[in-house]
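Enquirer: Chains A and B supply the protein sequences, listed in that same order. Residue numbers for the first sequence follow our numbering, beginning at 1 and rising by one. Residue numbers for the second sequence follow our numbering, beginning at 376 and rising by one.
It is possible that some hints are incorrect.
[Said to hold, decoys possible] Once the Cα atoms are required to be at most 30 Å apart in a straight line, the calculated BS3-like pairs of lysine-lysine come out as:
id, chain 1, residue 1, chain 2, residue 2
1, B, Lys736, A, Lys243
2, B, Lys457, A, Lys177
3, A, Lys82, B, Lys457
What the hints contain is simulated information worked out from the structure, not anything from laboratory work. Note that the structure is predicted; figures quoted are calculated from it, not measured.
Protein chains: 2
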Amino acid sequence: MKKTNLEVSSGSKYKRRDFLKKSAIGAAGGVAALSIASPAIHAQTKVRWRLASSFPKSLDTIFGAADVFADAVNQASNGNFKISIFAGGELMKPFDVLDGVQDETVECAHTAAYYYIGKDETFALDCTIPFGLNARQRNAWMYDGNGMKLLREFYSNYKMLNFPMGNTGVQMGGWFKRAVRTEKDFKGLKMRIAGFAGRIMQGLGVVPQNLPGGEIYQALEKGTIDATEWVGPYDDKKLGFNKVAGYYLYPAWWEGGPQLSLLVGKKAWNALPSSYKAMVNSAAVHAHTDMMAKYDSRNPRALKELIATGTKLLPMPKQVMINAFEISQGLYADLSKKNSNWRKIHADWEKFRKDQVDWWKVAEKNYQDFMSYQL
Amino acid sequence: MKKTNLEVSSGSKYKRRDFLKKSAIGAAGGVAALSIASPAIHAQTKVRWRLASSFPKSLDTIFGAADVFADAVNQASNGNFKISIFAGGELMKPFDVLDGVQDETVECAHTAAYYYIGKDETFALDCTIPFGLNARQRNAWMYDGNGMKLLREFYSNYKMLNFPMGNTGVQMGGWFKRAVRTEKDFKGLKMRIAGFAGRIMQGLGVVPQNLPGGEIYQALEKGTIDATEWVGPYDDKKLGFNKVAGYYLYPAWWEGGPQLSLLVGKKAWNALPSSYKAMVNSAAVHAHTDMMAKYDSRNPRALKELIATGTKLLPMPKQVMINAFEISQGLYADLSKKNSNWRKIHADWEKFRKDQVDWWKVAEKNYQDFMSYQL
Numbered sequence: 001m002k003k004t005n006l007e008v009s010s011g012s013k014y015k016r017r018d019f020l021k022k023s024a025i026g027a028a029g030g031v032a033a034l035s036i037a038s039p040a041i042h043a044q045t046k047v048r049w050r051l052a053s054s055f056p057k058s059l060d061t062i063f064g065a066a067d068v069f070a071d072a073v074n075q076a077s078n079g080n081f082k083i084s085i086f087a088g089g090e091l092m093k094p095f096d097v098l099d100g101v102q103d104e105t106v107e108c109a110h111t112a113a114y115y116y117i118g119k120d121e122t123f124a125l126d127c128t129i130p131f132g133l134n135a136r137q138r139n140a141w142m143y144d145g146n147g148m149k150l151l152r153e154f155y156s157n158y159k160m161l162n163f164p165m166g167n168t169g170v171q172m173g174g175w176f177k178r179a180v181r182t183e184k185d186f187k188g189l190k191m192r193i194a195g196f197a198g199r200i201m202q203g204l205g206v207v208p209q210n211l212p213g214g215e216i217y218q219a220l221e222k223g224t225i226d227a228t229e230w231v232g233p234y235d236d237k238k239l240g241f242n243k244v245a246g247y248y249l250y251p252a253w254w255e256g257g258p259q260l261s262l263l264v265g266k267k268a269w270n271a272l273p274s275s276y277k278a279m280v281n282s283a284a285v286h287a288h289t290d291m292m293a294k295y296d297s298r299n300p301r302a303l304k305e306l307i308a309t310g311t312k313l314l315p316m317p318k319q320v321m322i323n324a325f326e327i328s329q330g331l332y333a334d335l336s337k338k339n340s341n342w343r344k345i346h347a348d349w350e351k352f353r354k355d356q357v358d359w360w361k362v363a364e365k366n367y368q369d370f371m372s373y374q375l
Numbered sequence: 376m377k378k379t380n381l382e383v384s385s386g387s388k389y390k391r392r393d394f395l396k397k398s399a400i401g402a403a404g405g406v407a408a409l410s411i412a413s414p415a416i417h418a419q420t421k422v423r424w425r426l427a428s429s430f431p432k433s434l435d436t437i438f439g440a441a442d443v444f445a446d447a448v449n450q451a452s453n454g455n456f457k458i459s460i461f462a463g464g465e466l467m468k469p470f471d472v473l474d475g476v477q478d479e480t481v482e483c484a485h486t487a488a489y490y491y492i493g494k495d496e497t498f499a500l501d502c503t504i505p506f507g508l509n510a511r512q513r514n515a516w517m518y519d520g521n522g523m524k525l526l527r528e529f530y531s532n533y534k535m536l537n538f539p540m541g542n543t544g545v546q547m548g549g550w551f552k553r554a555v556r557t558e559k560d561f562k563g564l565k566m567r568i569a570g571f572a573g574r575i576m577q578g579l580g581v582v583p584q585n586l587p588g589g590e591i592y593q594a595l596e597k598g599t600i601d602a603t604e605w606v607g608p609y610d611d612k613k614l615g616f617n618k619v620a621g622y623y624l625y626p627a628w629w630e631g632g633p634q635l636s637l638l639v640g641k642k643a644w645n646a647l648p649s650s651y652k653a654m655v656n657s658a659a660v661h662a663h664t665d666m667m668a669k670y671d672s673r674n675p676r677a678l679k680e681l682i683a684t685g686t687k688l689l690p691m692p693k694q695v696m697i698n699a700f701e702i703s704q705g706l707y708a709d710l711s712k713k714n715s716n717w718r719k720i721h722a723d724w725e726k727f728r729k730d731q732v733d734w735w736k737v738a739e740k741n742y743q744d745f746m747s748y749q750l
């Protein structure tokens, strides 16, 4: 069987057949639970790490992934490998955590890699780009495709390595103070939206605004901006955007499955015993899967509550999506000319995306379509 | 933050604030990687488990999940907790592994719980039932909804506990020797299909057949059966069904996201140190997510290869799906009258399904629809 990127390659694989021969008689016919008390053959090393998160505690699903991760490592190591979590701003500014890992202020960080496109646009490929992979497709690329391998090569330039740790699923297309039903309604709209999505929105005639999360509500209320994007029902409801904007668009074509990352400094990683590397590896997948499950489980009720208090759902106009797709293709082609890191990884990603979409058209989409029709 | 079922509740949560106070001075400003050599405070217990799989080694993605799980535990425990894997038939018959865990012949098993509906139909709710949750929705129910809690109550009757460990995603609707385009084409068809799906197919006029995997190819070739269902492109191609049946239907409305289970005997579980419980918990999620990633990554190419060698794709006729859905509702209502275990868990599951489908109609479906349209 081909090994996936999820399988830690360090550490020798347990030889099943050898054990089989040695233990067949003793173990046959009953539970061979604990062997008789054997002398200590391995003492666990004490390790202390600090994790800088880009997120505030109020985003409990996203911020909480770091807690889930640290708890899993703490418990598996019997309290010997402890990771303390610092919310965005506690140790350093939310978007400084990549630097914090690189300059070894902290051993690791939990962040969204697309915050760092100012350093290199390639970082976005470790999170999402407009019209990107959905959450499962992204796992497929990272764990069994070339994603993890290519991105680890890229991150090694920053003396760190990456682990997927969380995903929100397809996000909502944002809150609008007025109904937007055609591409014309987007012209001149002041919308809080950043990164690649902001650049593409600009091509659609939108005036993108860059505002920290804490300032959005007031800007919407005062009418300084006409619209904002955030995450999805569960998170958006907490910020109360429904009280100052009536229309909630879907989907966010710019966030079809944004993945969060655990970034670990090479020096800290290399100093870990191999058993702790294995714990980090499994605990990161554990926290990754747990976050997606939380969003999927909690978004439905939050959306119902929003609708019950008057929020109007509107589909993103198809022509807007078609135009945005075309602009995105131009943007990516342009980046491939200028940035060799991007070119290499994006080429692999783009081929993978096409294959995934072709396959999802068959079983997954038709199943989901029927369930939507029937229920 | 509400705790999810993924978070191991045993073991005390690390007190971040306390550590912060104690270590703030020493750790500030640099990587506090390994502390200075400290005396051994914890020696790891040696544990040997045997895992009986229901699957043959040839199904490398499904069978392999047990290897991924055992490797992760082995490495995290520094080789002190070793789990030997036995393929279906090696220690016991593939469908006897639940009994094997219950009577303590083995400590754990990897299986599909719907194999055991002869004991209690409720087992199917730990895998899938026709028109069930997709893979992500199922994770949401298990990890953040009531799924795990309810199923663990159920499994405690069998002296074991369950962990999700693998999913195939939406399966394909099977191989047919003749084109089937309307509900009439299904009447009298001899199809290899079992369980609830077989019962529902019977309601559609199909004559369901029960055949072990190894006998299907020959039965199709000889014309003893007209059709069979199996898994999806990656697995089906290995068995060569495309050589003896020309039409490949999609989707399998009876397997919208079947989940495999790791079943662990209570006695073996209770004997584990809490650190090993945490390792099992994270390693099971690790193997769970890894299997889905493998299927998603490998199915697209396999499907292309099948099509290139002449396989014809056909959609499952919509009226067949509508009729099957109606029969399934009757079947489930009937079970709810007869089986109190089923009634309790199915009621929770059914409400969760409706909420999930309502939510997926919004962002996820519209995003996927656009990607299918555009690429």
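Enquirer: Of the hints given before, which are not true for this structure?
Expert: 2
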